[in-house]
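A.B. asks: Read off the chains here:
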Amino acid sequence: MEIEDMEQYLEEQYDMMDVCLLAGKIMLESGAETYRVEDTMMRIAKNYGIKESHSYVTPTGIMFSIETEEPTKTKLIRISDRTTDLKKVMLVNSTSRRIANGELDVAQAYRILKRIYKDDETYSHKTRVAAAAVSSGCFLMMFQGSWADFIPAVIIGGLGFASVVYVHELVLIKFFSEFMAALVIGLLAAGAVAVGFGQELDKIIIGSVMPLVPGLLITNAVRDLIAGHFISGLSKGAEAFLTAFAIGSGIAVVVTLL
Amino acid sequence: MDILIQVVTSFIAAAGFGIIFNAPKEALWKCGLVGMLGWMAFFILTLQGIGEVPSTVAAAFMIAVISQVFSRVYKAPVIIYIVSGIIPLVPGGTAYNAMRSFVTNDYNMALSYAAKAFMVSGSIAMGIVLSEVISQIMKQSRLKRIG
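Taken in sequence, the protein lines are chains A and B. Numbers given in the working numbering equal positions in the first sequence, counted from 1, plus 1. Numbers given in the working numbering equal positions in the second sequence, counted from 1, plus 303.
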């Protein structure tokens, strides 16, 4: 009897760890800040009665260990694919809140997180491309462009974002797809100006490139550095820099050709 | 009229970024609002002849503060609101000019544009840091009142 109890206890420990790790994995893959991932995991563990837990999160992996009467248990998971899905960050956050309120037991929480994990992205590729297109046009106006260039910026910005989305599905190298998108934007903008469809080449390019700007990475890098997560902060900063460099070189190729 | 165009376009652009980053549907108008207020702060300050760097610090600070208020009120991670607001402040135009000058071998102009882009990026970070400091002070004073 005692042994059975013991086994069930052990199993629960592992389930609880899986809940923490799954929550952390979803958050990290969806673009949450590092400190939020660590904080959420440790909170969940605490709410399930673990007095001491340690988590170490970098953009490419999570290490998590809990201390109980048993020997310390540690698990490591590798994060290879990162996207931006702020809705998932919010859903996991509210699940963690519900756990804190004692509304969910381990099994329920695991099921909910699993559902969040398997969920599709909130918006289809088409919707996101359309949003990027409209944003490009708006950015052109914000940067003092003329209405004559609005339509070209909408079309070119949309096509540029579409190429980053679809090239990334073909080639899993982020910097290549960003480079290609910038190249597409530059060529189309130069073409549009050459045939008289657009007027100011600079403004059209700047407006259309804006949807590719690594805004989330920049913000997260700063927030991670403030929170003392230097490895995450620096690596996110490096990723943002590389993205900016890829975009810059794509445009530079076109400018050189002109 | 010019201001009205800025208000409308910055709202739409920031909300559009909400969609690009897969923000929840009910948060989109808040993303737009944060982006609009931040951009208007930047736009009006630069219109008054204040330099780009202090204007960016002020705008980024404002964006971060509003985002933190939203995150408290709606119980959602602050990152959802902050990101869409920050994007318009990113010095895309200056970086473009820097890159363009580099390519055309005009290194003097290129370096001064690059330095400016670097300063503006730094001021975005500065604005976020300042708001974080204020939020932590607020949190601590509330803890003291309770405890």
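To be clear, the hints were calculated from the coordinates, so they are not data collected in a lab. One or more hints might be untrue.
Unchecked claim - Covered by chain A, according to a simulated footprint, are these stretches of chain B (three or more residues, beta-carbon under 8 Å):
| no. | region |
| --- | --- |
| 1 | 319-326 |
| 2 | 378-390 |
| 3 | 399-406 |
Even glycine gets a Cβ: it sits at the ideal position worked out from N, Cα and C.
A.B. asks: Next, verify each hint and record whether it holds.
C.D. replies: A quick look at each hint next to the structure:
Only residues whose C-beta sits within less than 8 Å of a C-beta in chain A count toward coverage, and the region 319-326 of chain B has 8 of them, enough to reach three; the restraint holds. Chain A is given as covering the region 378-390 of chain B, and this holds because 10 residues of the stretch bring a CB closer than 8 Å to a CB of that chain, at least three being needed. Check result for the region 399-406 of chain B against chain A: holds, 6 residues qualifying (beta carbon to beta carbon below 8 Å, three or more required).
When held up to the earlier numbered hints, the structure conflicts with none and fits them all.
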